[in-house]
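As a plain string of letters, each chain reads:
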Amino acid sequence: MTTTTATQWIEACAADDIDEEDVIRFDHDGRTYAIYRSPDDEYYATDGLCTHEQIHLADGLVMDHIIECPKHNGRFDYRTGQAKGAPVCVNLKTYPVRIDGDKVLLGLA
Amino acid sequence: MRGSRPESIVVIGAGEAGARAAMALREQGFAGRVTIIGDEPHAPYERPPLSKAALTDEVEPQAAFILTPERLAEHAITHRSDTRVLAIDRDAHRIELAGGERIAYDRLLLATGASARRLSIDGAGPDNVQTLRTLDEARALRTRLRPGSHLAILGGGFIGLELAAAARARGAEVTLIELAPRLLARAVPADLAAIIARRHEAEGVRLLTGTGIASIETDSTGHVVSLSTGERVVCDAILAGIGAIPETGLAERAGLAIDNGIAVDERLATNDPDIFAAGDCCSFPHALYGGRRVRLEAWRNAQDQGNAAATNLLGGSDAYEAVPWFWSDQYDITLQIAGLADEGSETVTRELGDDARLDFHLANDGRLVAASAVGPNGKIARDVRLAEMLIARRATPDRAALAAPAVKLKGLLAG
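Protein chains in written order, with my numbering: chain A, 1 to 109; chain B, 1 to 415.
Excised from the complex, chain B in its bound form (with noise of 0.2 Å):
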């Protein structure tokens, strides 16, 4: 039997969920052994400039680290870089290290993230079709962006767009390939899509949507991509951004209950009440949609998980609940999206001015669930903020102060 006060606890995941719950172990005075394991070479750094400023910077990218070596080193907790964790004994309370070492653990938690997904067609390897996941597929993507060379992208998601518009940046040709039939079709309406669409053709990127691929050949000449239209895209790189699929794995073969991710509770445990998981690897039941499970790949979600996996791995019982939130930065423009606008039944729009818009998600019952924006981010970011703060008391607001560009959303909040 286990005491109420663990001794050792042991984090699997140096992402951003790992690493921020390592340290808010710390924040709230645990004061016993905290040892995270990664499978990088990296100290914990931060994902999202890697689609981004990482790819456009004049100078080769370096880590936005979450935790440095000296901040690792100053809270005393153990970074063990390069190492997967083969094995979680659950019964004997130990995890096995490839190379056979193990480490005991008080309390585990699991924040092995995503990986991307492979493109399975004719021809596609990881030698010919690079995904960006890490700081080193980063790095090395960012060598092929250059003025005149061609770039195929393959996806039409957030990191597809993010780099056609890093790899414009650079000077590099993108022809971006998505079989549904418009951008961002799973996670973003329409109507802003459409925005982000019309951005990306005034600034050269060539958009095939209701486009398949048919084969991909490699020489030492550079690719074929083969579209399902006949058309042959002549290209020196091709990246893949067609999702991202939660590292359940270790957890599976452990028995952890698993569904679209690890499953865990409100509190984020599994199970096993000594095995928590936090991040892109687990769904959880979200008490703001009735409690429908949701596994979210989203930095913000990611960071206060681990927050929230602290409290909880220490014996705390905190029910995590936080508003979903999501950004992406393309050229100078933003889309935020807060909530899950799939809950919505009904939209209304706020416009605000010709280059940027935000559309609220109501459901049935006029309760604001979602609300998502594209624009400058001096122009939507506050607004996508309130909202969010809506969503959490969740709201029923008046639908004409929703739609009229000079009512305040913040005195929506004191009704």
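The shape of chain A in the complex, shown without the other chains (with noise of 0.2 Å):
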């Protein structure tokens, strides 16, 4: 296990929620997150809002491994971060992510 003992994990939703291929928006502690389900069923987490201008990346469409903000279309690969090219130039802080029986857990430092 790589993961520190500060980290905490943090019920997010249940695993059904999100349906694959899909994304929601979970809020926690005054931040919001963007978890998401890929078309090969493992599920993923980064910050909630866009590089760019701040918009809900929840919002917007998941296409493969690839996030699309519904505001500039800026493109993310949801499970690196790595922002694909303009209008987005800044990575997506990712964060890890933990199933627990039928709960996704989000696990924050």
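No wet-lab data here; the hints were simulated from the structure. From the three backbone atoms N, C-alpha and C, an ideal C-beta is built for every residue, glycine too. What you were told as hints is all true, and nothing was included just to trick you.
Pairs of lysine-lysine, DSS-like flavour, derived with a Cα cap of 27 Å:
hint: 1; chain 1: B; residue 1: Lys-379; chain 2: A; residue 2: Lys-93
hint: 2; chain 1: B; residue 1: Lys-379; chain 2: A; residue 2: Lys-84
hint: 3; chain 1: B; residue 1: Lys-52; chain 2: A; residue 2: Lys-84
hint: 4; chain 1: B; residue 1: Lys-408; chain 2: A; residue 2: Lys-103
hint: 5; chain 1: A; residue 1: Lys-93; chain 2: A; residue 2: Lys-103
hint: 6; chain 1: B; residue 1: Lys-410; chain 2: B; residue 2: Lys-379
Take a look, some chain A residues computed to stay more than 12 Å from chain B by CB distance:
hint: 7; residue: Thr-7
hint: 8; residue: Ile-10
hint: 9; residue: Glu-11
hint: 10; residue: Ala-14
hint: 11; residue: Gly-101
Using the hints, build the complex out of the two chains.
Have a look at this one:
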């Protein structure tokens, strides 16, 4: 395990709250996150706001492993947070996700 | 005879299309000289915020740079600011700058954009009727938007409406005057324009449609706009948002073909094979719409055409056929349009609640040619994006499925 003792695991949603190849918004402690379920049924999490103009990514479209911002179509790989080109050039922060039974847990440092 | 590998590429225009093209040249591995020439003092910046956040932010707006001076330097892109180009010498493959300097090019990209149309009415001039196109104009306008000031906006198009929303956010009184019987008559279906009009009225904007302007008088205390109805609107500032004109003068003087903009082919090449054009300044045949020649004034188009032009400046043969896409923000609602709505002969509406609505535009043969939506961004953006993908695939989706909010558009893509 690479998890440090400082990581807090927060219950974000139920596993089937998210469709395959989709995303939902999760707010916690004054911050907003995006939780993803990939086409191959893995779960991921990133910061909830686009790095370009602070738009909620959960309103955007998930295609394969890409989340596309609903405002200006900035694209990120939600597994790594990598920005995929203009207009976005700043990567998204990612967070660890763990499945516990039917719950999706978000790991916050 | 020029070789197929250019060594020097010059981009005239430092807006979205020009800046994106310059950067894309580097992303595609071009190692020769890249020069962007712009007539503004700033490094290339994004224009969309100028009619939105730049006017309402508490602090003096800073440019949202597309390419900061640091990134320009990092990628060895030479940016000549405050510089006007006087002429293109096509035979000699060089351009002439104001001041006499000449710059040689192997390939040239014209990304000269568009300029705000000026009001031609008695008493109207650049000193008393503002336009909004540049950062400096936005900064000047912002100082005039304050509680108790009264702004007259001429034109019920996107710039006028976004500005009206910004002015209300800053507490200014707004009278908006539009000659046509309704707002957004050129670009937006009537049912969606009506939602937008109601919102502006609810926010306290005085909308006068079907109203002309007879004259404008200005003295040291302010302005009076005399309307066709006989009414006199007394105000502190006047803004005209009455359309944009493509910047074609340079191309025209160089003998390039003009047709509602600098005429290019599907590769964005002009009738000179070493000169290309991209963005608001050019018209191009759109393959999705039977080769119909269109000119788009849109941020995404400028960006995408900048990318495509870079490929083709380097000898590529990318045919540009991206689905046109446009958005406008007013208050907390967004309008988005994908495709060309006037290609449709039938409309199918998807109701998305009290405050949101999505119209699909279908051609005679049932093909989806456009989608227009108004509402909170979160309610409409994903569906418009999916509609855009259906349009690109020339899909003929089932009308009942389009109309039913419970049917996920993503499911139609698989069909």
